[in-house]
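Visitor: For reference, the chains in residue letters:
Protein chains: 2
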Amino acid sequence: MFTVNENYLKLPGSYLFSTIGKKVAAFESANPDKKIIRLGIGDVTQPLAPAIIEALHKAVDEMADPSTFRGYAPDLGYEFLRKAIVENDYKARNCDIEADEIFVSDGAKSDSGNIQELFGPDCRIAVCDPVYPVYVDSNVMAGRTGVYDKATEVWSNVIYMPTTAENNFVPEFPKETPDVIYLCLPNNPTGTTLNKADLQKWVDYANENKAVIIYDAAYEAYISEEDVAHSIYECEGARTCAIEIRSFSKNAGFTGVRLGFTVVPKDLKVDGVSVRDMWARRHGTKFNGAPYIVQRAGEAVYSEAGKAQLKEQVNYYMQNAKIIKEGLKDAGYTVFGGVNAPYIWLKTPDKMTSWDFFDFLLEKANVVGTPGSGFGPSGEGYFRLTAFGTQEASLEALERIKNL
Amino acid sequence: MFTVNENYLKLPGSYLFSTIGKKVAAFESANPDKKIIRLGIGDVTQPLAPAIIEALHKAVDEMADPSTFRGYAPDLGYEFLRKAIVENDYKARNCDIEADEIFVSDGAKSDSGNIQELFGPDCRIAVCDPVYPVYVDSNVMAGRTGVYDKATEVWSNVIYMPTTAENNFVPEFPKETPDVIYLCLPNNPTGTTLNKADLQKWVDYANENKAVIIYDAAYEAYISEEDVAHSIYECEGARTCAIEIRSFSKNAGFTGVRLGFTVVPKDLKVDGVSVRDMWARRHGTKFNGAPYIVQRAGEAVYSEAGKAQLKEQVNYYMQNAKIIKEGLKDAGYTVFGGVNAPYIWLKTPDKMTSWDFFDFLLEKANVVGTPGSGFGPSGEGYFRLTAFGTQEASLEALERIKNL
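Line by line, the protein sequences give chains A and B. Residue numbers for the first sequence follow full-length UniProt numbering, beginning at 1 and rising by one. Residue numbers for the second sequence follow full-length UniProt numbering, beginning at 1 and rising by one.
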């Protein structure tokens, strides 16, 4: 008789964004006349940039011609894309990363979820709290997280590193030593980040403790401050302790195009075993590459035209971030983030819970945000708004919130 | 200190097609003047059909316009695609499958590799021998396969079901009862399949033993015989015991486009736990959908124009299968398959091993095939040629083989 992976049964409720989707759908069907503004899911709204559209059309035409048609892609991704990544994201920042350390994928979510598979079942994970839920959930599914306490929403075997206004959103080194440390910087959902000196301390800590850092840099394109690293490989010693996950979703609007990559340096080893070779084996066995046309679109992200157009797109969203942040401040809210990331993190008023504020905002202002508690226990009492809407929507949402 | 998933270290050598790729590259660089014909990897060579190219261009244009731009796709895939699948692949064959039992993915390889994650660590798997290596390898990575015997190339905890000329390529029910049964039908690599009556016996067997069947129907489009089922759901009782994995790679040439889907019926439960809901949770947590433009390409596969064009493409490849099969017969080889699948399975001459014949064919005829032993111990002494080349290449390859 077959049995199921019982770890799945430990997962509480459903995935955060599914729950939000259901709540919004229910409100919409009950209030068909209300115009809802969605600043909840971190999904982009601007269309793909012209340079990317051009590359997509060109690649589609290649697929129509027997002499240029492409079948299975190389395991690690096409070299043209991996080289563009190395040149622009790494060499240009003096990071020592080679093309055969880059693994092109269908997006950062898959990679963030799958990467834990490389590690031993007894590895203890540490996460910033609050953070993107996939890190913990994928480890729950793998049986690493212990027992869930429904009241506190805490897993017994996860090391939570509170990242809140109290510590100025700089997590402290945990009391217990973790084996796998997830860092999402700039952080989703708080929109805050560490400066390079603070990040260097984490690299040193990981090397001293022989821990591995899973560094999710999906929001790298939004960094505006000089003293913030764009890649963890800007820090000394990161090649022996860090895996970096990157996305094209937020810098190029690829949420519906699907492209990302993960960097696993050859120097990341434990007992002589190369983690890079393990990831290569996973890619070769359980994945068949990102579409050729999408990899060509990724290449266009690094073209001169692409870079210029995408800089404008990022600026557009960051303008929204400013509108939301300043507007909320004017309305008396306490707000964080929005400087190096497209997320605004606010304290809920009158000590409302995150979900109560979600319902309040949905019902009274018809604005959808994301409850902070959905990102971890220390997110309770906070709320996330994204800058990924249109400028018009961001302005109107703020008008509505101010008039509450 | 972090540790690695030690199951990965048990994997012998590297993935079959990587090894072939390396051997061919070495031969090429040593013999730059030789024109190699590749009938090894099951990769298509015909360009995408016009209806698909048109759908891709149209979808790319939609991504350029703010009013039609699409971000994150729905978790299960777009409804337009899931409905087309249900109508054409299931309702048209009187299979009772609903759109919310379809999970659109980036391809059958990912799904075949990931599906084992839903099952308990002690589940005993059974595979046809020889078969597509991903089933066993993904279970090795999950620690289900026991100890590997290098001499026999057998895993102690895998139930092998020999599928050879001796049993006319119809596997017998195993002596030990399996929990998870992988069936790839039409079979890769043998190119043979079961008739519907024999498949029904497997469905009955699975229901009696409360086993789950993972039914990989990637080659369904090549079925030419009337008494062969195109879907396992044509069999009575399959909704309570079978998961079906489908690909667009072989019926529509999507090996570089990446699209597939998996069907998990709501009736597939164990102890009240819905396997469908577990897969939905995995999709929601570790995957972010196939690209919108690719899902539109998938929809075009089911358009009237698309169906007509793809039927021609399949006929083209099956014509190659005929050329190869008849040519090999004329040359004195013993051959199988090629009737319901684009694979020709031949007995190596003079009791050569599969890899010896691989080297022989590469060196003497400059033709690349796939050694049967790469697909499992019972594949030793066999060799696979694919019909996915061009007609010209298939004809020339056969000329060369005949002249050996």
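To be clear, the hints were calculated from the coordinates, so they are not data collected in a lab. Be a bit skeptical, because a hint or two may be false.
Put simply, identical chains are the same to the list, so a pair is met inside one copy or across any two.
Unchecked claim - EDC-like cross-link-like pairs, simulated, lysine to aspartate or glutamate; straight-line CA separation at most 20 Å: (1) Lys-58 <-> Glu-236; (2) Lys-22 <-> Glu-79; (3) Lys-266 <-> Asp-277; (4) Lys-364 <-> Asp-267.
Visitor: Find the hints from earlier in the document that the structure breaks and name them by number, from lowest to highest.
Guide: 1 and 4
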